[in-house]
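With the hints as your guide, set chain D onto chain F.
Quick mapping for you: the protein sequence lines, in order, are chains F and D.
Start counting the first sequence at 163; every next residue gets the next number (our numbering).
Start counting the second sequence at 163; every next residue gets the next number (our numbering).
Treat the hints with care, since some could be wrong.
[Unchecked claim] Cβ-Cβ distance ranges computed for the label pairs, FRET-style:
#1 D:Arg368 <-> F:Asp365: 27 to 35 angstroms
#2 D:Arg368 <-> F:Asp164: 19 to 27 angstroms
#3 D:Ala412 <-> F:Ser435: 49 to 57 angstroms
#4 D:Asp365 <-> F:Asp365: 49 to 57 angstroms
[Claimed, not checked] One-sided excerpt, in silico: chain D residues whose CB lies under 10 angstroms from chain F:
#5 Ala227
#6 Asp257
#7 Thr329
#8 Asp331
#9 Glu398
[Unchecked claim] Not the full set, but computed from the structure, chain D residues with beta-carbon under 8 angstroms of chain F:
#10 His196
#11 Gln225
#12 Glu241
#13 Ser272
#14 Leu313
#15 Ser323
#16 Arg326
#17 Leu338
#18 Gly341
Rather than coming from a laboratory, the hints here were simulated on the basis of the structure.
Fair warning: this is a prediction, and the values are worked out from it, not measured in the lab.
All residues carry an ideal CB built from backbone N, CA and C; glycine is no exception.
The primary structure of each chain is shown beneath.
Protein chains: 2
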Amino acid sequence: MDETFGQRLQERIRALGPLCVGVDPSAATLALWHRPDSVEGVEFFALATLEAALGSAAAIKPQVAYFERFGSAGYRVLERLILEARDAGVLVIADAKRGDIGVTNDAYASAWLDAASPLGCDAVTVSPFTGVGALSPFFARARGGRGVFVLAATSNDEGRSLQRARTDDDVAVEDLVLGSVAEINRRDEGLGSLGVVLGATRDRPRFDLASLHGPYLVPGVGAQGATPEHVGRLFERCPEGTVLVNVSRAVSEAGPERSALRDAVRRWRDNLSTFL
Amino acid sequence: MDETFGQRLQERIRALGPLCVGVDPSAATLALWHRPDSVEGVEFFALATLEAALGSAAAIKPQVAYFERFGSAGYRVLERLILEARDAGVLVIADAKRGDIGVTNDAYASAWLDAASPLGCDAVTVSPFTGVGALSPFFARARGGRGVFVLAATSNDEGRSLQRARTDDDVAVEDLVLGSVAEINRRDEGLGSLGVVLGATRDRPRFDLASLHGPYLVPGVGAQGATPEHVGRLFERCPEGTVLVNVSRAVSEAGPERSALRDAVRRWRDNLSTFL
Numbered sequence: 163m164d165e166t167f168g169q170r171l172q173e174r175i176r177a178l179g180p181l182c183v184g185v186d187p188s189a190a191t192l193a194l195w196h197r198p199d200s201v202e203g204v205e206f207f208a209l210a211t212l213e214a215a216l217g218s219a220a221a222i223k224p225q226v227a228y229f230e231r232f233g234s235a236g237y238r239v240l241e242r243l244i245l246e247a248r249d250a251g252v253l254v255i256a257d258a259k260r261g262d263i264g265v266t267n268d269a270y271a272s273a274w275l276d277a278a279s280p281l282g283c284d285a286v287t288v289s290p291f292t293g294v295g296a297l298s299p300f301f302a303r304a305r306g307g308r309g310v311f312v313l314a315a316t317s318n319d320e321g322r323s324l325q326r327a328r329t330d331d332d333v334a335v336e337d338l339v340l341g342s343v344a345e346i347n348r349r350d351e352g353l354g355s356l357g358v359v360l361g362a363t364r365d366r367p368r369f370d371l372a373s374l375h376g377p378y379l380v381p382g383v384g385a386q387g388a389t390p391e392h393v394g395r396l397f398e399r400c401p402e403g404t405v406l407v408n409v410s411r412a413v414s415e416a417g418p419e420r421s422a423l424r425d426a427v428r429r430w431r432d433n434l435s436t437f438l
Numbered sequence: 163m164d165e166t167f168g169q170r171l172q173e174r175i176r177a178l179g180p181l182c183v184g185v186d187p188s189a190a191t192l193a194l195w196h197r198p199d200s201v202e203g204v205e206f207f208a209l210a211t212l213e214a215a216l217g218s219a220a221a222i223k224p225q226v227a228y229f230e231r232f233g234s235a236g237y238r239v240l241e242r243l244i245l246e247a248r249d250a251g252v253l254v255i256a257d258a259k260r261g262d263i264g265v266t267n268d269a270y271a272s273a274w275l276d277a278a279s280p281l282g283c284d285a286v287t288v289s290p291f292t293g294v295g296a297l298s299p300f301f302a303r304a305r306g307g308r309g310v311f312v313l314a315a316t317s318n319d320e321g322r323s324l325q326r327a328r329t330d331d332d333v334a335v336e337d338l339v340l341g342s343v344a345e346i347n348r349r350d351e352g353l354g355s356l357g358v359v360l361g362a363t364r365d366r367p368r369f370d371l372a373s374l375h376g377p378y379l380v381p382g383v384g385a386q387g388a389t390p391e392h393v394g395r396l397f398e399r400c401p402e403g404t405v406l407v408n409v410s411r412a413v414s415e416a417g418p419e420r421s422a423l424r425d426a427v428r429r430w431r432d433n434l435s436t437f438l
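One chain only, chain F, in its complex shape (with noise of 0.2 angstroms):
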């Protein structure tokens, strides 16, 4: 079989550093670029940053909510950033938190991961409210190459007391999350596909964070406040190439400007490969 998520996205790592480039097109970022707060301002900002991004970084994250507000045209400059960022050979991780009860995952899972949807990306984010086990139509298209990221433990202080609640087997929701996942990437039916998000700006969880079998991709970094020797130190014992940290508003600060993106891009990379 072709090569799984896991695999491509460890290859990347090793070859290009551990920076993942979100892509949020937001009202203020846009403010800040001296662009419009529409789809063409939106258009400018996400091919602009593809752009800084390519052979510097493993991936880019698109958060769907800003490409959202816009409605279907916000979404066909989506569709289009996807398509580039594919043609480029770039990995493209749809941030869109998407969940809901198991028939209508599948739905999701089809709009975000299969190859015929024109939003199919390699990897999705998702959240777990209505249970892992909710969630296996997305898993199951890990076994056709694409990647998953489970939320386990955001990076917003609000989340923390539904994360850390306790089940009735006294596991924290954070470790339960993560300990299913590893469960699934061990069995196999993950291929190494199934990774979870886990804030930089968060404790160090109960779980093993080395024994996921699995990625992680870790938001918090640079304007929220997380420094790349913290995320190492969080991640010290973990397989090279399975943490994939993203930074958004720290490398889109640097402005429009093309050089000075690229140079932005390029410094994260080299500072989080100091300690990843």
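Below, chain D alone, put in the same frame as chain F:
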């Protein structure tokens, strides 16, 4: 100020009954309707379902996943459905279950609740995995007349262990959501427009359901197994006009024939009205 979503919903339920018709153009349902699994099939299904709901249902609830699987073309159909429903005076609840950290939620809230957005609906469903506090951009739109339904207990079994997990204050996650939403409604910020999704297939939570000061959106009736009688018992002490019951498959399985579909809507409305 203009009427709030909570007030408008209550009026609709009093006038038309407690039925919300789900608009779920899944591949399986389109096959049952002998329609292609395409944007054209989705559009036919969505508009026929809207027509059948007119005058007999308090609201419609498009399941966004079934539109999203066709990317921007699917969203164009969803935009048309929203526009036609608005013109016909039908409340539209986008079943999107969006949820992210706060700054991103502002973009999602703009997408689904702002009047200028092509996807702007009367209300949207949201997921509290990142914390109820992170949902404040959605809640802020309640002051502008929009509604929000936060997932508390979903209709599927896999959701139980997480939704029943206990926080440091020894409160179950579902009760935490219910209590937090009730508190915001009580502080008048929610204006009775912040609701909760509570599956009819689930046991009664510890929270006193009559004290939410806002509406319930109730899935799980019909194809998923719960009966109108059961819903009536679960919400027996809630104020009139605050319980909205969604039925999707049990309506759509009547097929595309106009009078059959219309009859199915009325039958469910009448059946639910007996117990609510």
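Hints, one by one, checked against the model:
The supplied range of 27 to 35 angstroms is met by D:Arg368 and F:Asp365, whose beta-carbon atoms lie about 29 angstroms from each other. A C-beta distance of roughly 50 angstroms is found between D:Arg368 and F:Asp164, which places it outside the suggested range of 19 to 27 angstroms. The hinted range of 49 to 57 angstroms is satisfied by D:Ala412 and F:Ser435, whose Cβ atoms lie roughly 56 angstroms apart. Checking the proposed 49 to 57 angstroms range against D:Asp365 and F:Asp365 shows it is violated: the Cβ atoms sit about 33 angstroms from each other.
With 10 angstroms as the threshold, the beta carbon of D:Ala227 comes within range of chain F, its nearest partner Cβ sitting at about 4 angstroms, so the hint holds. A distance limit of 10 angstroms between C-beta atoms decides the matter here; for D:Asp257 the minimum to chain F is near 8 angstroms, and the interface restraint holds. A distance limit of 10 angstroms between C-beta atoms decides the matter here; for D:Thr329 the minimum to chain F is near 5 angstroms, and the interface restraint holds. Annotation: interface hint on D:Asp331 holds; nearest CB of chain F at approximately 8 angstroms, less than 10 angstroms.
A distance limit of 10 angstroms between C-beta atoms decides the matter here; for D:Glu398 the minimum to chain F is near 26 angstroms, and the interface restraint is violated. A least Cβ separation of about 20 angstroms between D:His196 and chain F goes past the 8 angstroms threshold, and the interface hint is therefore violated. Checking D:Gln225 against chain F: minimum C-beta separation of about 6 angstroms stays under 8 angstroms; hint holds. Here the hint on D:Glu241 is kept, as its CB sits about 6 angstroms from the closest CB of chain F, short of 8 angstroms.
Because the closest C-beta pair between D:Ser272 and chain F is about 5 angstroms apart, less than 8 angstroms, the hint holds. The criterion of a C-beta within 8 angstroms of any C-beta in chain F is met by D:Leu313, whose closest approach is roughly 6 angstroms, and the hint holds. Interface hint at D:Ser323: satisfied, since its Cβ lies 5 angstroms from the closest Cβ of chain F, which is below the 8 angstroms cut-off. Annotation: interface hint on D:Arg326 holds; nearest CB of chain F at approximately 7 angstroms, less than 8 angstroms.
Interface restraint check: D:Leu338 against chain F, minimum CB-CB distance 7 angstroms, threshold 8 angstroms, status holds. A distance limit of 8 angstroms between C-beta atoms decides the matter here; for D:Gly341 the minimum to chain F is near 12 angstroms, and the interface restraint is violated.
When each numbered hint is compared with the structure, violations occur for hints 2, 4, 9, 10, 18.
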